[in-house]
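Number of protein chains: 2
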Amino acid sequence: VSKVLLVGVGLINGSFSLAMKHRRDVEFGGSDLSEEHLSKAVDLGIVSQSFALEEGIAWADFVLIGTPVNAIKKILPEVLELVRDDQLVVDFGSTKETICHAVKNHPNRANFLAAHPIAGTEHSGPEAAFPELYQNKNLIICEREKTNEFLLEDFLNLARGAGFYFTFMSAGEHDKHLAYISHLSHISSFVLSNTVLQKEKDGEVILDLAGSGFESTVRLAKSSPAMWSSIFNENKLRVLDSIKAYQAELDELKRMIENEEVEEVSKYLEEGRKIRKILK
Amino acid sequence: VSKVLLVGVGLINGSFSLAMKHRRDVEFGGSDLSEEHLSKAVDLGIVSQSFALEEGIAWADFVLIGTPVNAIKKILPEVLELVRDDQLVVDFGSTKETICHAVKNHPNRANFLAAHPIAGTEHSGPEAAFPELYQNKNLIICEREKTNEFLLEDFLNLARGAGFYFTFMSAGEHDKHLAYISHLSHISSFVLSNTVLQKEKDGEVILDLAGSGFESTVRLAKSSPAMWSSIFNENKLRVLDSIKAYQAELDELKRMIENEEVEEVSKYLEEGRKIRKILK
Numbered sequence: 006v007s008k009v010l011l012v013g014v015g016l017i018n019g020s021f022s023l024a025m026k027h028r029r030d031v032e033f034g035g036s037d038l039s040e041e042h043l044s045k046a047v048d049l050g051i052v053s054q055s056f057a058l059e060e061g062i063a064w065a066d067f068v069l070i071g072t073p074v075n076a077i078k079k080i081l082p083e084v085l086e087l088v089r090d091d092q093l094v095v096d097f098g099s100t101k102e103t104i105c106h107a108v109k110n111h112p113n114r115a116n117f118l119a120a121h122p123i124a125g126t127e128h129s130g131p132e133a134a135f136p137e138l139y140q141n142k143n144l145i146i147c148e149r150e151k152t153n154e155f156l157l158e159d160f161l162n163l164a165r166g167a168g169f170y171f172t173f174m175s176a177g178e179h180d181k182h183l184a185y186i187s188h189l190s191h192i193s194s195f196v197l198s199n200t201v202l203q204k205e206k207d208g209e210v211i212l213d214l215a216g217s218g219f220e221s222t223v224r225l226a227k228s229s230p231a232m233w234s235s236i237f238n239e240n241k242l243r244v245l246d247s248i249k250a251y252q253a254e255l256d257e258l259k260r261m262i263e264n265e266e267v268e269e270v271s272k273y274l275e276e277g278r279k280i281r282k283i284l285k
Numbered sequence: 006v007s008k009v010l011l012v013g014v015g016l017i018n019g020s021f022s023l024a025m026k027h028r029r030d031v032e033f034g035g036s037d038l039s040e041e042h043l044s045k046a047v048d049l050g051i052v053s054q055s056f057a058l059e060e061g062i063a064w065a066d067f068v069l070i071g072t073p074v075n076a077i078k079k080i081l082p083e084v085l086e087l088v089r090d091d092q093l094v095v096d097f098g099s100t101k102e103t104i105c106h107a108v109k110n111h112p113n114r115a116n117f118l119a120a121h122p123i124a125g126t127e128h129s130g131p132e133a134a135f136p137e138l139y140q141n142k143n144l145i146i147c148e149r150e151k152t153n154e155f156l157l158e159d160f161l162n163l164a165r166g167a168g169f170y171f172t173f174m175s176a177g178e179h180d181k182h183l184a185y186i187s188h189l190s191h192i193s194s195f196v197l198s199n200t201v202l203q204k205e206k207d208g209e210v211i212l213d214l215a216g217s218g219f220e221s222t223v224r225l226a227k228s229s230p231a232m233w234s235s236i237f238n239e240n241k242l243r244v245l246d247s248i249k250a251y252q253a254e255l256d257e258l259k260r261m262i263e264n265e266e267v268e269e270v271s272k273y274l275e276e277g278r279k280i281r282k283i284l285k
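Chain order of the listed sequences is A and B.
For the first sequence, my numbering begins at 6 and goes up steadily by one.
For the second sequence, my numbering begins at 6 and goes up steadily by one.
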């Protein structure tokens, strides 16, 4: 039986466990700063027992860290301090470079794997977890060469059981791409929400006038502020780059609208519409 | 039998017809600049016959105009010229003020109703039409007092059959609210798409790294460029206002990220997250 300690029992770690609920060869324990989340995770069958962190690490074969990224960066070196040779610590944070940097010269670096599941929802906490979240989803693995290859192989086998396939890249590459493809989406969504809420004080009006388009574009603004403020901070320089690129694009479109260049606006939208060919 | 002429046989008018396909007391005819769309609309059962515009108007009880808004503004005065006292022309455009203005002093103003269905998808054309689009959706009616009350009543009965409920407001109010709640969503989505496509030249990378969050936020960028370039132009001043407000919000968030004000960023996101309470 593989013993898996979930450090943080919210959407990300919780869904990993629920995906394997039918398996008798994997056992899940949990550790969380929130007593409430921990007892909910037990109630929901996400973990069968709860642990203080140190105690849980001693019990586990795999330690999965699924907390906001600032917390990962902070606790990871301490967790790595406690592991035996045959244990693997995996983090599921949405940024990778500062996390990898924090344990770059750690004596137990080979017992750590940096990973990022490309899946999630705008909800958070143990109640948001569900078994299908990772079905056919991409788990990005960074700096694979720094992880003990046998421990890595064991973990990939486990994660395959949750539904994942894998891609591999450097932590810097990961953070650069994700700044544009993921972090910027969240920023534009939160900014849209704040702009509309500033202007429209009456929620009834929004509800009456919002089509499915607004709902879709603003959906990510329902995401966890603790998680996302921390991601923007950890990936600060690249997030700022992506914001600047976005601002330049927005300025260009604004100028064309101002000058009533309808044909040019239409061409601009046609360019953006090419995303159709990529996302079916 | 009520005879309804669809001027433009795409998503908007097409879905109106398909919602009433089972009814034997309503008959739909179509007119469209695109022969291809017109023959598809016949094949799909959206209309039972196709007409040249003038001929169709002579045939119809109701004339529904569901074309891009610049085309509505252009053809509406000409269409109104041709109607009899017992006919009603309805436009389904996403902006209302310039359209209402174009027929403000028209001798047949009472035979016109300005309407906007708060429903749609990112797809367009007759094949995008489907019968459930307007189920329990809001049809905004502007300047109702300028429309003949009996013709209005008849039309509301018809539209109720497509699934609509109704709200009433002035054209200016409509355009102001929609600039923020709808048009700005489309702008932020198109700009996000262009920013990502500029940066990520490799579609495979986008596909591998895009979670459902990116897909949701960028969905509206799949919308029709002809339709949206025309909306931005017709509602130019209010759209520019909404862009400026959005830019100010984005600048604020950017500044906080730059200064590593993580707590402030978190509060900002918490504000945006209040949209949860409005959109369940």
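Mixed in with the good hints, there may be bad ones.
When chains are identical, the list treats them as one kind, so a pair holds in a single copy or across two.
[What the hints assert, rightly or not] Derived lysine-lysine pairs resembling PhoX-like cross-links, with alpha carbons at most 20 Å apart:
| # | residue 1 | residue 2 |
| --- | --- | --- |
| 1 | K206 | K259 |
| 2 | K249 | K259 |
| 3 | K259 | K285 |
| 4 | K272 | K206 |
The hints are simulated quantities; they were obtained by calculation from the structure and are not laboratory data.
Status of the hints after comparison with the structure:
1. K206 to K259: Neither. Shortest intra-copy (25 Å) and inter-copy (24 Å) distances fail the 20 Å Cα cut-off.
2. K249 to K259: Classified as both: same-chain Cα gap 15 Å, cross-chain 9 Å, threshold 20 Å.
3. K259 to K285: neither (28 Å within a copy, 32 Å between copies)
4. K272 to K206: between (35 Å within a copy, 18 Å between copies)
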